[in-house]
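Given chain A, put chain B in place with the hints provided.
Protein chains in written order, with this note's numbering: chain A, 1 to 142; chain B, 1 to 142.
Careful: at least some of the hints might be erroneous.
The list treats identical chains as interchangeable, and a pair is accepted whether it falls inside one copy or across any two copies.
[Said to hold, decoys possible] SDA-like cross-link-like pairs, simulated, lysine to any residue; straight-line CA separation at most 25 Å:
#, residue 1, residue 2
1, LYS53, ASP112
2, LYS79, GLY115
3, LYS53, LEU22
4, LYS79, ASP123
5, LYS79, LEU118
6, LYS53, ARG94
7, LYS53, GLU102
8, LYS53, LYS79
9, LYS53, ARG82
10, LYS53, SER36
These are calculated hints, taken from the structure and not from any lab test.
Number of protein chains: 2
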Amino acid sequence: MVGIEAILKHVLNNVLDPEPDLDRVFHALADPGRRSMLERLGEGPASVSELGKPLAMSLAAVLQHVQILEGSGLVQSRKLGRTRTCSLNTETLRSAERWISERRTFTERRLDRLGEYLASTADQPDAPDSGQADPAAPRAQA
Amino acid sequence: MVGIEAILKHVLNNVLDPEPDLDRVFHALADPGRRSMLERLGEGPASVSELGKPLAMSLAAVLQHVQILEGSGLVQSRKLGRTRTCSLNTETLRSAERWISERRTFTERRLDRLGEYLASTADQPDAPDSGQADPAAPRAQA
Numbered sequence: 001m002v003g004i005e006a007i008l009k010h011v012l013n014n015v016l017d018p019e020p021d022l023d024r025v026f027h028a029l030a031d032p033g034r035r036s037m038l039e040r041l042g043e044g045p046a047s048v049s050e051l052g053k054p055l056a057m058s059l060a061a062v063l064q065h066v067q068i069l070e071g072s073g074l075v076q077s078r079k080l081g082r083t084r085t086c087s088l089n090t091e092t093l094r095s096a097e098r099w100i101s102e103r104r105t106f107t108e109r110r111l112d113r114l115g116e117y118l119a120s121t122a123d124q125p126d127a128p129d130s131g132q133a134d135p136a137a138p139r140a141q142a
Numbered sequence: 001m002v003g004i005e006a007i008l009k010h011v012l013n014n015v016l017d018p019e020p021d022l023d024r025v026f027h028a029l030a031d032p033g034r035r036s037m038l039e040r041l042g043e044g045p046a047s048v049s050e051l052g053k054p055l056a057m058s059l060a061a062v063l064q065h066v067q068i069l070e071g072s073g074l075v076q077s078r079k080l081g082r083t084r085t086c087s088l089n090t091e092t093l094r095s096a097e098r099w100i101s102e103r104r105t106f107t108e109r110r111l112d113r114l115g116e117y118l119a120s121t122a123d124q125p126d127a128p129d130s131g132q133a134d135p136a137a138p139r140a141q142a
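Just chain A, with the same shape it has in the complex (with noise of 0.2 Å):
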């Protein structure tokens, strides 16, 4: 039954979760010690108390990151026997890399659309002044 239930509980976080809370990932990504966390992980599974070692922090602290690491849906745990195992969520740092990197290119081929449009009129003796106008991202007003 343990198995079972612990299958449906991944499922439940992984596949059927479609977006995390935002809010939650990038405020557990703030934080310089919670973030040195999550390189151990990159590495592997680990322990509580192997991802407090390095950390100059109580046990409490430790556990007080691993919770908010846990409730962004970074990090997942589960304990066998008397010790917890944390791993990493790529689901859901996915959907945060996905966030910013839509912004980013996004803003670089608008920039590189104006690019070319400026290229474009450079030559023409009457070209309009470009810095008032941006024709490569018209928007409608809100």
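Structure of chain B alone, referenced to chain A:
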């Protein structure tokens, strides 16, 4: 002179400063209002009042969010006449994206190697229990 100062500031912000402060970057990303401003800026530069328009908040609150975004390096702004125009800094976006992507790809590669190892031992009659060991990620004690 103002032109040279602006160019120097741009160079200092974007070229000479290699790594943004990820604490401040992820903190800036952890707020839904600030993310909506960044989504708007992904479509092109905008004034502070344009950024605030879809959000139900005072101009003072909008300005505070813009200052946090600028402090993180995600946004840069310059004043033209009486209007301050904000734009995205793709380099800062890229740094945050890279940090997340490294954690994700390390984990995915390790899981791939683990999968290959398990597949290679599946046919062997005396295959050891794979629950404890993770041969794909040997790790020296810190």
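Checked hints:
1. LYS53 to ASP112: neither (47 Å within a copy, 27 Å between copies)
2. LYS79 to GLY115: between (55 Å within a copy, 22 Å between copies)
3. LYS53 to LEU22: between (28 Å within a copy, 22 Å between copies)
4. LYS79 to ASP123: neither (69 Å within a copy, 29 Å between copies)
5. LYS79 to LEU118: between (60 Å within a copy, 22 Å between copies)
6. LYS53 to ARG94: neither (27 Å within a copy, 30 Å between copies)
7. LYS53 to GLU102: between (36 Å within a copy, 22 Å between copies)
8. LYS53 to LYS79: For LYS53 and LYS79, only the intra-copy Cα distance (19 Å) is at most 25 Å; the inter-copy one is 48 Å.
9. LYS53 to ARG82: Classified as within; 18 Å inside a copy, 53 Å across copies.
10. LYS53 to SER36: within (11 Å within a copy, 38 Å between copies)
Violated hints, in rising order: 1, 4, 6; the structure is consistent with all others.
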